[in-house]
Amino acid sequence: MPSLLHLPIDDFLEQARSLLTRHANLIVTAAPGAGKTTRLPAYLAKFATGKVLVLEPRRMAAMAAAQRIAEEQEWQLGEQVGYQVRFANQAKSHTKLVFLTEALLSRKLAEDPELKGVQYIVLDEFHERSLHVDLALGLLKELQELGSEIQLIVMSATLDAQKISKFLGNAPVLDVPGKLYPLEFRNQKNSQLMQLGPPFYDALTAQIKEAERATTKDILVFLPGTGEIDRTRQNLQAWADERKIELVPLHGSLPLEAQRSALRASDRRRIVLATNIAESSVTVDGVACVIDTGLSK
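Counted the way the working numbering counts, the sequence shown spans residues 1 to 297.
Calculated from the structure, these hints are not laboratory results.
A couple of the hints might just be wrong.
[Unchecked claim] Below 25 Å or equal to it, Euclidean Cα-Cα: the simulated DSS-like pairs (lysine-lysine) are:
{"id": "1", "residue 1": "K166", "residue 2": "K141"}
{"id": "2", "residue 1": "K116", "residue 2": "K46"}
{"id": "3", "residue 1": "K116", "residue 2": "K92"}
{"id": "4", "residue 1": "K141", "residue 2": "K96"}
{"id": "5", "residue 1": "K189", "residue 2": "K297"}
{"id": "6", "residue 1": "K108", "residue 2": "K46"}
{"id": "7", "residue 1": "K96", "residue 2": "K46"}
{"id": "8", "residue 1": "K116", "residue 2": "K141"}
{"id": "9", "residue 1": "K163", "residue 2": "K141"}
{"id": "10", "residue 1": "K244", "residue 2": "K217"}
{"id": "11", "residue 1": "K108", "residue 2": "K92"}
{"id": "12", "residue 1": "K209", "residue 2": "K244"}
{"id": "13", "residue 1": "K96", "residue 2": "K108"}
{"id": "14", "residue 1": "K108", "residue 2": "K141"}
[As the list claims (entries may be wrong)] Computed beta-carbon distance windows for the label pairs:
{"id": "15", "residue 1": "N187", "residue 2": "K163", "range": "25 to 35 Å"}
{"id": "16", "residue 1": "E149", "residue 2": "W239", "range": "50 to 60 Å"}
{"id": "17", "residue 1": "E114", "residue 2": "F87", "range": "21 to 31 Å"}
For each residue, glycine too, the CB sits at the ideal point set by N, CA and C.
Sequences and hints are given; from them, build the entire structure.
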């Protein structure tokens, strides 16, 4: 087993398991980077007698989490841990820990309403509510009321924990404090960054260049869409080539392998230009600075 970086969730794994021996459901709140997406499901899978299904809002998050667990636990992807997403399946019938998108769970429930063989269902990033996850939660709660022993774990960085706890029969709330790294916030008051247009791109380019001078590591920039990513990339390309910096797009329209590659650190310095696909459940390795335009579509 490789030596793992200690994450805040690690100190609460046994407590989470203990709570689940006494309660049907559990709410977990933890800051981004605390390790809840990868460490807790892997820990539960080691002791579970049935399957552990983890719902993710996006397919990239499902694939990235399964891959990271396989690396950390020295498991084989597709054997002990795997994923099932649209157009890609890396899980077998005996795979114990499976990450999947919310839409696929809805399909599973339609095909097998009792979800035979499943012990735990983890709803990750629950604050990113969708019709699929709301429907799944309602159906799973109904299953429990009919006598199913399936247990639910709801996880989020930002969540009205007491409200969902009450909905799930006063489920206990496990609050995981602490952040992996100290954070420094700098709010920009430049009004040009508030709406798209030539002044926006000029101001953003200046901010990225300033950030590049302030750190020797990678930079992650959040933009509202692929068009804004392409234009920002064009504006930076000559400067980046001169400084031997790699400009890496990251959005849902990219091929799956390109998305996975964008998450991995490189020998070259990188500026990752991403949509909100990278905002939760995934880790972009090597990043020390994040520029969030605050814009979305």
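Hint check results:
1. With a C-alpha separation of about 12 Å, the suggested pair K166 and K141 falls inside the 25 Å cut-off, and the hint holds.
2. In summary, the hint linking K116 to K46 is supported, as the alpha carbons are separated by about 19 Å, within the 25 Å threshold.
3. Distance check on the hinted pair: K116 and K92 sit about 15 Å apart at the alpha-carbon level, within 25 Å; holds.
4. This hinted pair checks out: K141 and K96 have alpha carbons roughly 22 Å apart, not beyond 25 Å.
5. A distance of roughly 22 Å separates the Cα atoms of K189 and K297; the hinted pair therefore holds under the 25 Å criterion.
6. A hinted pair counts as satisfied when its Cα atoms are at most 25 Å apart, and K108 with K46 qualifies at roughly 23 Å.
7. Proposed proximity of K96 and K46 is supported: the alpha carbons are some 9 Å apart, at most 25 Å.
8. Taken as a hint, the K116 and K141 pair is honoured in the structure, with Cα atoms around 15 Å apart against an allowance of 25 Å.
9. For the proposed pair K163 and K141, the alpha carbon gap of about 15 Å is at most 25 Å, so the pair holds.
10. A C-alpha spacing of about 13 Å is found between K244 and K217, which places the hinted pair at or below 25 Å, so the restraint holds.
11. The hinted pair formed by K108 and K92 meets the criterion: a straight-line CA distance of about 15 Å does not exceed 25 Å.
12. Between the alpha carbons of K209 and K244 the distance comes to roughly 13 Å, so the proposed pair stays at or under 25 Å and holds.
13. This hinted pair checks out: K96 and K108 have alpha carbons roughly 16 Å apart, not beyond 25 Å.
14. Distance check on the hinted pair: K108 and K141 sit about 16 Å apart at the alpha-carbon level, within 25 Å; holds.
15. Between N187 and K163 the C-beta distance comes to about 30 Å, which sits within the given range of 25 to 35 Å.
16. Range check, E149 to W239: Cβ separation about 58 Å, and the 50 to 60 Å hint holds.
17. Distance hint check for E114 and F87: the Cβ-Cβ separation is about 27 Å, which falls inside the suggested range of 21 to 31 Å.
Of the hints listed earlier, there is not a single one the structure fails to meet.
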